[in-house]
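Taking the hints into account, I'd like the entire structure generated from these sequences.
There are 2 protein chains.
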Amino acid sequence: MTISHSSLPADSYCVIMAGGIGNRFWPVSNTQCPKQFSDILHTGKSFIRQTYERISRIFPDERIFVITGAEYEEITHQQIPELPSGNILKEPLRRNTATCIMYAAEKIKKIAGTATMVVVPSDHFITNDNAYWKDLRDGIEFVRKNGGLLTFGITPSRIETQYGYIQVRTAEPGKKITAVKTFTEKPDYELAQKFYESGDFLWNAGIFIWQVEDILREIRKHLYDLYSLFENNTSLNTPAEEEFINTIYGQCPNVSIDFGILEKSNQVYVLRGSFGWSDVGTWHAFQALCKQDENNNTSNSSQVIFHNSHNCLVNVPEGKIAIIYGVDDLIIAAKDNYLMICHSKDEEKIRNFEKQLKFKK
Amino acid sequence: MTISHSSLPADSYCVIMAGGIGNRFWPVSNTQCPKQFSDILHTGKSFIRQTYERISRIFPDERIFVITGAEYEEITHQQIPELPSGNILKEPLRRNTATCIMYAAEKIKKIAGTATMVVVPSDHFITNDNAYWKDLRDGIEFVRKNGGLLTFGITPSRIETQYGYIQVRTAEPGKKITAVKTFTEKPDYELAQKFYESGDFLWNAGIFIWQVEDILREIRKHLYDLYSLFENNTSLNTPAEEEFINTIYGQCPNVSIDFGILEKSNQVYVLRGSFGWSDVGTWHAFQALCKQDENNNTSNSSQVIFHNSHNCLVNVPEGKIAIIYGVDDLIIAAKDNYLMICHSKDEEKIRNFEKQLKFKK
Numbered sequence: 194m195t196i197s198h199s200s201l202p203a204d205s206y207c208v209i210m211a212g213g214i215g216n217r218f219w220p221v222s223n224t225q226c227p228k229q230f231s232d233i234l235h236t237g238k239s240f241i242r243q244t245y246e247r248i249s250r251i252f253p254d255e256r257i258f259v260i261t262g263a264e265y266e267e268i269t270h271q272q273i274p275e276l277p278s279g280n281i282l283k284e285p286l287r288r289n290t291a292t293c294i295m296y297a298a299e300k301i302k303k304i305a306g307t308a309t310m311v312v313v314p315s316d317h318f319i320t321n322d323n324a325y326w327k328d329l330r331d332g333i334e335f336v337r338k339n340g341g342l343l344t345f346g347i348t349p350s351r352i353e354t355q356y357g358y359i360q361v362r363t364a365e366p367g368k369k370i371t372a373v374k375t376f377t378e379k380p381d382y383e384l385a386q387k388f389y390e391s392g393d394f395l396w397n398a399g400i401f402i403w404q405v406e407d408i409l410r411e412i413r414k415h416l417y418d419l420y421s422l423f424e425n426n427t428s429l430n431t432p433a434e435e436e437f438i439n440t441i442y443g444q445c446p447n448v449s450i451d452f453g454i455l456e457k458s459n460q461v462y463v464l465r466g467s468f469g470w471s472d473v474g475t476w477h478a479f480q481a482l483c484k485q486d487e488n489n490n491t492s493n494s495s496q497v498i499f500h501n502s503h504n505c506l507v508n509v510p511e512g513k514i515a516i517i518y519g520v521d522d523l524i525i526a527a528k529d530n531y532l533m534i535c536h537s538k539d540e541e542k543i544r545n546f547e548k549q550l551k552f553k554k
Numbered sequence: 194m195t196i197s198h199s200s201l202p203a204d205s206y207c208v209i210m211a212g213g214i215g216n217r218f219w220p221v222s223n224t225q226c227p228k229q230f231s232d233i234l235h236t237g238k239s240f241i242r243q244t245y246e247r248i249s250r251i252f253p254d255e256r257i258f259v260i261t262g263a264e265y266e267e268i269t270h271q272q273i274p275e276l277p278s279g280n281i282l283k284e285p286l287r288r289n290t291a292t293c294i295m296y297a298a299e300k301i302k303k304i305a306g307t308a309t310m311v312v313v314p315s316d317h318f319i320t321n322d323n324a325y326w327k328d329l330r331d332g333i334e335f336v337r338k339n340g341g342l343l344t345f346g347i348t349p350s351r352i353e354t355q356y357g358y359i360q361v362r363t364a365e366p367g368k369k370i371t372a373v374k375t376f377t378e379k380p381d382y383e384l385a386q387k388f389y390e391s392g393d394f395l396w397n398a399g400i401f402i403w404q405v406e407d408i409l410r411e412i413r414k415h416l417y418d419l420y421s422l423f424e425n426n427t428s429l430n431t432p433a434e435e436e437f438i439n440t441i442y443g444q445c446p447n448v449s450i451d452f453g454i455l456e457k458s459n460q461v462y463v464l465r466g467s468f469g470w471s472d473v474g475t476w477h478a479f480q481a482l483c484k485q486d487e488n489n490n491t492s493n494s495s496q497v498i499f500h501n502s503h504n505c506l507v508n509v510p511e512g513k514i515a516i517i518y519g520v521d522d523l524i525i526a527a528k529d530n531y532l533m534i535c536h537s538k539d540e541e542k543i544r545n546f547e548k549q550l551k552f553k554k
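Taken in order, these protein sequences are the chains called A and B.
Okay, so the first sequence: first residue is 194 according to the numbering used here, each after it adds one.
Okay, so the second sequence: first residue is 194 according to the numbering used here, each after it adds one.
Think of the hints as simulated: they come from the structure by calculation, not from any bench.
Each hint should be verified, as a subset may be incorrect.
For chains that are exact copies, the list does not tell them apart, and a pair is met inside one copy or across any two.
[What the hints assert, rightly or not] Mimicking DSS-like on lysine-lysine, the simulated pairs with C-alpha atoms at most 27 angstroms apart in a straight line are: (1) Lys484 with Lys551; (2) Lys374 with Lys457; (3) Lys283 with Lys414; (4) Lys551 with Lys414; (5) Lys513 with Lys528; (6) Lys369 with Lys457; (7) Lys538 with Lys387; (8) Lys238 with Lys379; (9) Lys542 with Lys513; (10) Lys302 with Lys548; (11) Lys379 with Lys369; (12) Lys338 with Lys548; (13) Lys528 with Lys548.
Encoded structure:
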């Protein structure tokens, strides 16, 4: 089944959140070209390009917004030339997802008044597009009928400590959308195991759907400081927008939508997604997406040769030839002028490497 | 003290042996550019260029020969443009050092009749040039006065299993040149320890000095098959040389001068070298030449950063930035489009890597 633009209400908008700085995949991504603009999986397209192409099958370009750091305006234009330039929302500094969603919601309200808002991450890996489109349409239909804040959950396929979890209020087998009981960020292994076994917990996919008026009401209620900075503004969608945003952004709270709103609201629902999903948030998540050899080695190229090596992950530029001999548990990544070799157990440290180099200069 | 050309006899010649194929340092050296033509130590000059510059301080260009694989004629020209093109002896295939020395000795004999011949490797690392020049001059003087085959030995500074050893016949303290009792190739650790402790054993530096007539007589005696292939030829130093060499080379024995002649002759002497020396034959030998950090890590660049890592050796192109985190005992080398990561214990395998890639193609 193919879904066309016409099947979505004309007042539905999609916001692609692209605020990441890509330090966990250094040097394959870096502050110049964060993960969402990178092609870590070597598919031929960056994550944000893939996201845009998937979304643009059901939303027309004028109703797609990208919100990203001001310094990434140009790379966004380059990678999504189809997007009207006014549809790139530029953040002067990073203020986490609650502020980013407040900005986008307020902007859409000023364009459309009442509207449905779909929020998607720019840097996740999705398979089964038909299921994805169907889920989005079902979600849009749900919030337009019932109101509330709808999150997307993914049925866990393993014990995973690096994701956020959503607990459904009452497990109702076969029901696609249910009320949410709790949110839990990155549980320890024991807890993650209980979550996995209980069946009541879903991975938080970071995809949200709501009516603009509903999310604004909830932000007003739970993050009034943030709400008030935008209240009564006359600048959005005018030439004064950039200056207005630059003036207030520093005062906006640095809090996630999950922590700031979803965990506090009592009108939160979760849709059990039926598409394939990975946040590709770590090299381990990347590894889980890739084919492994008989010794659990992964690489992005057939020109990487493993001998007597185990549990290694190699990500090198197209055409690079590598021989890995007699080593175990390494993450090896190269790009441009950079080479990174790290023990798997130290993966958490990678996010600091680019900064360390800057300090060294 | 500076030694000039005039201090050496006019019938003394130097042969630089450059037949290596450089597979032990892959990918920093490779069959296109073997070790002798590479600048593994990042000094700004290749090994053969350094060797030439050292030798050319005491030999005029017309009395310096390089013997190398025919495929390396061009790179030799490029790196030593000063050398007359007739002074590059081209081997159509690899036939080890006895054949290579036979070819060079016969060629020099045809030029000069009686002559002194100094043979030096092209890919060793030498420090203290003044001591080196003095030792060569003493060696030349010795063989011109006494005859015989003179080798150069280096006083061992550690227990080393990867070198050849020369045992002096009678240890005569303070005497620079003594008769040789035995040769031993790559002893096991226990034996190397005995050698080190005894004081009677020197490392074989692969440097030889003899009168051309003496080495030819010994080859005639111990490797008559080789000698006879060159006997009575009228081709060397004529336009027919290349064809002659191409015709006979395949029939020449594949044997080293040490095994084929020096171990069998009873006229072998050793000069105790007073210069600094390393054959830089392995990454471990390379490591011994370099400054190590407090965790025994070595790299050729200040832009290689080690964290929580031990006993690692990194050799990357100039300007490459690398972060090595939480790993031990790795050899990491990169050049052009190649990356090699190998556990230290598997260093012996590196020599096969380039060949393996060829078979894979």
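**OP:** Output the numbers, in ascending order, of every earlier hint that fails for this structure.
**Re:** Numbers 4, 8, 10, 12 - these are the hints that the structure violates, sorted from lowest upward.
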